[in-house]
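4 protein chains.
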Amino acid sequence: MTSSPLIIADREIRSRLFVGTGKFSSNENMRDALDASGAEIVTVALRRADLTGKHDPYANILEFIDAEKYLLLPNTSGAMNAEEAVRLARLAAAAGLPKWVKLEIHPDPTYLLPDPIETLKAAEILVKEGFTVLPYINADPVLAKRLQEVGVATVMPLGSPIGSNRGIATRDQIRIIIEQATVPVVVDAGIGAPSHAAEAMEMGADAVLVNTAIAIASDPSRMAIAFKHAVNAGREAFELGLPEVLDEASATSPLTGFLG
Amino acid sequence: MTSSPLIIADREIRSRLFVGTGKFSSNENMRDALDASGAEIVTVALRRADLTGKHDPYANILEFIDAEKYLLLPNTSGAMNAEEAVRLARLAAAAGLPKWVKLEIHPDPTYLLPDPIETLKAAEILVKEGFTVLPYINADPVLAKRLQEVGVATVMPLGSPIGSNRGIATRDQIRIIIEQATVPVVVDAGIGAPSHAAEAMEMGADAVLVNTAIAIASDPSRMAIAFKHAVNAGREAFELGLPEVLDEASATSPLTGFLG
Amino acid sequence: MTSSPLIIADREIRSRLFVGTGKFSSNENMRDALDASGAEIVTVALRRADLTGKHDPYANILEFIDAEKYLLLPNTSGAMNAEEAVRLARLAAAAGLPKWVKLEIHPDPTYLLPDPIETLKAAEILVKEGFTVLPYINADPVLAKRLQEVGVATVMPLGSPIGSNRGIATRDQIRIIIEQATVPVVVDAGIGAPSHAAEAMEMGADAVLVNTAIAIASDPSRMAIAFKHAVNAGREAFELGLPEVLDEASATSPLTGFLG
Amino acid sequence: MTSSPLIIADREIRSRLFVGTGKFSSNENMRDALDASGAEIVTVALRRADLTGKHDPYANILEFIDAEKYLLLPNTSGAMNAEEAVRLARLAAAAGLPKWVKLEIHPDPTYLLPDPIETLKAAEILVKEGFTVLPYINADPVLAKRLQEVGVATVMPLGSPIGSNRGIATRDQIRIIIEQATVPVVVDAGIGAPSHAAEAMEMGADAVLVNTAIAIASDPSRMAIAFKHAVNAGREAFELGLPEVLDEASATSPLTGFLG
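As you go down the protein sequences, you meet chains A, B, C and D in turn.
When we follow full-length UniProt numbering, the leftmost residue of the first sequence carries the number 1, and every step to the right adds one.
When we follow full-length UniProt numbering, the leftmost residue of the second sequence carries the number 1, and every step to the right adds one.
When we follow full-length UniProt numbering, the leftmost residue of the third sequence carries the number 1, and every step to the right adds one.
When we follow full-length UniProt numbering, the leftmost residue of the fourth sequence carries the number 1, and every step to the right adds one.
By construction, these hints were calculated from the structure, which means they are not laboratory data.
Source: prediction; values computed, not measured.
Treat the hints with care, since some could be wrong.
Result set (BS3-like, lysine-lysine): computed pairs, CA atoms no more than 27 Å apart in a straight line [to be verified]:
hint: 1; chain 1: D; residue 1: K69; chain 2: A; residue 2: K145
hint: 2; chain 1: B; residue 1: K121; chain 2: C; residue 2: K128
hint: 3; chain 1: D; residue 1: K121; chain 2: A; residue 2: K128
hint: 4; chain 1: A; residue 1: K121; chain 2: D; residue 2: K145
hint: 5; chain 1: B; residue 1: K121; chain 2: C; residue 2: K145
Work out the full structure, taking the sequences as your base and the hints as a guide.
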């Protein structure tokens with residue numbers, strides 16, 4: 001395919017499918033699924049890492065993620081506020097990880113929804129410290145704008161709660177975010193089926209992040225390929241332009257002919 | 001991919017994407033798009049053919065559809081009742097076309113919705129005459145059953161009106177048709193985006209038919225590839241099993257860690 | 001309210017809410033709910049009646065439905081085909097019930113979806129015999145037209161399966177039925193909440209039939225009143241004309257003022 | 001009806017329908033519609049008022065809103081940030097209006113979506129100054145919680161953009177807000193039809209605010225009554241408990257009988 005490239009913070013990213021590394025049944029399964037997905041950007045939860053210096057950070061999981069092949073995107077999942085998120089990001093950088101961070105601050109354990117106030121606060125601090133910041137947010141167009149004003153590299157609005165597989169329930173708001181965005185829009189969370197991923201891309205999202213649906217599939221590698229194809233298909237359709245949605249039918253076969 | 005095969009009337013069909021041949025801007029574009037789509041089953045409206053014997057039937061369009069490569073599926077689009085549809089099918093067979101017929105009877109010019117009574121009547125006649133009958137129907141589970149009882153080879157419920165690009169508006173009813181089907185279910189009409197095609201496949205449809213969205217795309221061949229990928233992705237997801245849709249979130253990253 | 005009247009078969013009906021009599025926990029509850037609903041048309045399943053002559057037909061249930069106040073609409077629920085439905089209707093008429101019949105033919109025990117072929121067949125017979133026929137149908141616009149052509153008094157498309165409370169899942173098709181109808185359209189089945197009833201009326205349905213949601217409510221009479229109000233509200237909105245649905249916002253408050 | 005009372009900041013409010021005063025074609029129409037609606041809480045944009053002291057604030061519009069009968073709720077519509085909103089609220093209080101304020105801060109002129117950061121900031125200030133604060137917010141459950149923590153009297157999440165009449169497009173998020181709320185939840189914006197209002201109430205919202213759909217109706221008073229009934233119907237249904245939504249049908253009429 002000849003799709004236009006995705007560029008984030010001046011880096012050209014070869015795949016519009018980002019993959020998360022939680023919930024896989026084994027590191028081997030994860031490694032194979034990442035490979036099959038074609039993803040370049042791979043998220044890892046910092047809370048899963050030992051950043052204390054007592055152990056080699058990421059020792060185990062890093063053996064399975066080739067840093068030459070993937071852009072490792074640490075996320076601050078588990079942080080309850082800006083302070084915790086900033087601390088996690090700094091520790092990760094100090095431990096030698098790339099200064100890219102997926103900013104996730106969700107104080108609510110039931111729905112894991114992001115905190116808009118703390119997210120903006122942490123984004124301001126981290127951008128000033130030279131981080132490339134990709135914040136996970138509710139589908140809030142005004143918040144998306146404010147984050148763009150402080151210099152984030154993307155916005156990552158949720159389709160529906162993390163791991164819920166409910167798809168793009170926030171359709172109307174995501175449409176507005178895309179329309180107004182000055183940075184790439186990555187739809188994150190809730191994408192539970194290839195059709196959800198394709199829909200996000202057809203709406204004009206620049207990328208999607210998928211984790212649960214791949215990680216817990218009976219065959220994560222095959223599911224990763226399915227998502228890769230769906231993302232490409234949706235992107236192609238967006239670039240080519242989808243036909244107008246009509247109220248009436250429009251005959252595909254001419255209704256008059258020369259049948260004798 | 002290693003998806004299970006699609007079998008219709010004892011014939012193994014290599015692609016779950018069927019493509020219609022109306023609305024292309026040129027026969028060359030159509031030929032290339034068919035090739036790119038990977039489709040095996042290709043529908044052609046009989047009303048577009050000269051079946052009178054005065055001219056070589058399908059002379060022109062057939063130059064562009066390789067009969068070795070594709071299963072040409074004549075459709076009776078334009079027929080207002082069973083009698084007209086049966087006559088069209090017989091003429092096609094007499095002209096040497098395969099005895100497969102996509103049965104389309106839609107008396108209503110605005111929405112092109114199929115007539116359940118005439119469709120069942122025509123199906124009964126054509127099945128008895130040895131045709132392989134693939135009827136286009138409203139998403140009516142009881143009608144689908146009755147058609148199966150008279151021996152149709154598939155049922156082809158509509159997602160939404162032909163050419164409307166509204167997607168799977170009849171979701172609930174199609175789910176029931178699939179659940180109760182004893183023949184392959186092909187979702188036809190209204191599929192205006194790759195995500196629609198993927199959704200139909202994820203629901204368990206055996207195939208989809210796409211025409212308008214490919215034919216009128218700025219680049220029909222690229223759009224055909226997009227649909228091919230979406231159909232494969234949706235089928236894979238169906239075969240692998242999609243994750244449960246939840247009301248709440250489900251953390252992908254463990255929320256407690258050993259961060260010091 | 002000054003809504004335009006609903007006229008079915010030349011009879012002016014005072015309420016656009018029809019109520020079914022199944023599933024009530026007691027006949028007293030049913031009687032009170034019917035009274036509270038303001039309904040004029042009340043359906044009763046013929047299968048529940050003793051029409052054999054051995055017992056007084058409807059003896060018990062009729063003590064609770066005042067024939068002066070309500071138009072009793074016998075339904076053929078439980079009939080598996082046209083023959084059974086016709087027989088039920090004739091027995092009811094012979095037993096002195098009004099020659100109005102809600103035609104319900106659903107061979108499928110899981111979804112209770114109506115059979116389009118048998119329904120049309122029975123409608124033709126019963127119309128010729130002088131019955132006022134109100135058929136329960138799938139949301140199939142072509143079938144609706146054909147029934148109108150044989151002389152039915154209304155069409156009663158389903159919103160979703162009986163008792164499922166899923167609301168107007170067949171929205172797109174019902175919109176077409178209403179647009180093309182020459183008789184009143186009564187949305188039947190699946191209406192599980194006042195908002196569903198209001199929506200049907202806002203779309204231009206002439207009436208709705210509600211049973212389960214009222215009958216199994218903790219207080220059927222209060223729920224009946226809620227549905228009555230929702231039906232009236234939806235009808236009013238339809239008659240007054242609803243505002244256009246916009247993609248953008250439209251300020252309700254002027255955004256410039258003379259604030260100093 | 002015997003619905004449980006709505007209490008906001010210790011005041012019992014007699015109606016769960018709030019009405020806005022923008023867009024009416026005349027003050028007389030507005031007055032009559034307010035009366036017909038049964039509303040107690042009525043919002044007025046401060047930007048429309050002369051609060052400079054040069055003129056009698058609200059002179060004109062106040063002649064049409066009986067302060068004995070209605071609780072006048074000034075709103076800060078038009079404010080671009082917290083500072084402007086706070087200034088407007090203070091001016092209103094200084095001019096003798098009640099210290100209740102509907103906090104609206106929307107910097108974006110196209111979609112009029114609220115700013116979460118500025119809204120929280122202004123709410124903190126105004127609550128400390130003794131205002132009863134009712135903030136208009138995106139359907140963001142975490143923001144709703146944070147506002148509750150600073151002491152707002154309600155939260156007012158949007159269904160869809162102001163004046164768009166798109167209904168409850170933010171359904172999933174509003175459901176979470178309601179589930180977690182410690183103050184009344186008032187669904188605001190986008191409610192364009194009685195069915196939308198009923199749905200919000202059925203979901204458990206404590207009240208709804210309607211403006212455009214009433215103000216621009218061909219007969220605002222009749223439309224106000226329609227919304228009043230829809231709100232009551234939805235609330236009743238919520239209090240009585242709605243029936244479960246099922247995947248299958250559930251017969252309302254017994255399918256076996258003693259018909260001979």
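For the pair supplied as a hint, K121 of chain A and K145 of chain D, confirm whether the alpha-carbon distance does not exceed 27 Å.
-> 17 Å, holds
Would the pair K121 of chain B and K128 of chain C pass a check requiring their Cα atoms to be no farther apart than 27 Å?
-> At roughly 23 Å apart (the allowed maximum being 27 Å), K128 of chain C and K121 of chain B satisfy the hint.
K69 of chain D and K145 of chain A: Cα distance at most 27 Å?
-> Given pair K69 of chain D, K145 of chain A is violated - Cα atoms ~41 Å apart, limit 27 Å.
Quickly compare the C-alpha distance for K121 of chain B and K145 of chain C to 27 Å and report which way the hint goes.
-> 17 Å, holds
For the pair we were handed, K121 of chain D and K128 of chain A, check the Cα-Cα distance against 27 Å.
-> Since the Cα atoms of K121 of chain D and K128 of chain A sit roughly 23 Å apart, the hinted pair holds (cutoff 27 Å).
In the structure shown, a violation is registered for the earlier hint numbered 1 alone.
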